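First residue of the first sequence: 1, per our numbering; consecutive thereafter.
Keep in mind that the hints were calculated from the coordinates and are not lab data.
Quick caveat: nothing in here was measured; it's all calculated off a predicted structure.
Fair warning: there could be bad hints in the mix.
Said to hold, decoys possible - Distance windows between CB atoms, simulated: (1) Arg32 / Val140: 33 to 39 angstroms; (2) Val140 / Thr27: 37 to 43 angstroms; (3) Thr187 / Gly40: 40 to 46 angstroms; (4) Thr29 / Pro295: 46 to 52 angstroms; (5) Gly120 / Gly144: 27 to 33 angstroms; (6) Ser145 / Pro291: 36 to 42 angstroms; (7) Pro269 / Gly40: 49 to 55 angstroms; (8) Met283 / Ala167: 23 to 29 angstroms; (9) Gly20 / Arg217: 40 to 46 angstroms; (10) Ala19 / Val140: 17 to 23 angstroms; (11) Ala46 / Asp164: 23 to 29 angstroms.
As the list claims (entries may be wrong) - Here are the simulated lysine to aspartate or glutamate pairs, EDC-like style, with alpha carbons at most 16 angstroms apart: (12) Lys281 / Asp267; (13) Lys175 / Asp185; (14) Lys281 / Asp118.
Glycine residues also receive a C-beta, built at the ideal position from the N, C-alpha and C atoms.
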Amino acid sequence: MPELPEVEVVRRGLAEHVAGRVIDAVTVTHPRSVRRHVLGAADLIAGISGRRVREACRRGKYLWLTFDEPDAGTPDSRTAGPALDAALVVHLGMSGQMLVQPADAPVDKHAHIRATLDDGSELRFVDQRTFGGWALAPLVEVDGSLVPEPVAHIARDPLDPRFDPEAAVAAIRAKKSEIKRVLLDQTVVSGVGNIYADESLWRARINGNRPAAGLTRPALRGLLTEVRAVMDEALAAGGTSFDALYVNVNGQSGYFERALAVYGRQDEPCRRCGAPVAREKFMNRSSYFCPRCQPVPRRR
DNA sequence: CACTGGTCCTGGTGGC
DNA sequence: TGCCACCAGGACCAGT
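The whole structure should be built from the sequences, with the hints applied where relevant.
Set out below in structure tokens:
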């Protein structure tokens with residue numbers, strides 16, 4: 001269940017183990033993992049084979065790899081000109097992993113894409129539930145930043161140096177739906193998933209069912225502060241469990257077992273007031289909250 | 001146009 | 001023991 005902090009841990013791993021490497025051969029063994037690449041697996045493979053990875057980037061839960069210019073003299077480089085290049089966009093979905101392993105290491109049953117690198121290692125995309133995948137897409141400029149086209153609609157996340165809290169507060173207040181749904185809307189603020197939404201709302205003592213537009217600016221500033229704090233803490237926890245063999249292990253951060261205040265703690269005492277944590281259905285999933293610290297809004 | 005609710009997908013779990 | 005319903009959930013899509 002990778003959210004922003006887990007994805008950032010993966011990005012750091014890719015920056016360390018994959019940036020600078022040349023992608024040699026690519027194999028796709030599950031078509032669903034490349035379904036977002038409309039031109040198909042063969043086109044994706046052709047587009048990244050032989051390319052040297054430049055940088056590992058992230059916005060919200062989206063990852064992407066950029067590449068150095070192809071070598072001068074290749075046919076492509078004449079027509080490419082100054083046009084913006086493409087990036088390999090990766091979304092982990094619910095269960096995606098980006099593993100860097102020795103090429104002769106046993107291959108996981110759910111390894112759907114494998115890319116050999118020029119240092120003898122192999123980058124493997126492992127994904128049990130196949131919600132994630134790879135796609136090659138052109139880079140476009142949005143609000144002064146270069147992002148892949150499928151990421152163009154994704155808002156800046158709270159860890160982005162150019163994240164503007166006041167603009168985020170205004171965007172949240174402009175929404176007509178409940179605050180939790182707005183938090184999960186990646187076009188408003190990106191990187192927040194179901195778990196950290198519940199954790200942030202609990203910290204800010206706001207019930208997720210409250211209309212976003214009805215919350216005061218200070219309340220929303222406080223909420224965004226808690227979102228950032230939860231992410232920072234999870235990132236600190238995740239950054240420590242780092243194996244050189246693996247870029248990351250299932251996006252887990254160690255944060256899960258320890259520090260969750262409400263998520264998954266139905267009927268257990270609220271860590272602040274002791275009241276039993278409540279659980280309710282929300283968009284075919286669950287919301288956890290403290291009914292005392294986060295009072296349910298009055299029906300209008 | 002904005003908002004809402006359904007759907008995709010598979011492995012693990014718990015009930016009968 | 002075996003079967004099946006159910007759950008997890010990010011992003012997309014169709015309907016209002």
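Item to complete: Could you work out which earlier hints the structure fails to respect and list their numbers in ascending sequence?
Response: 1, 2, 3, 5, 11 and 14
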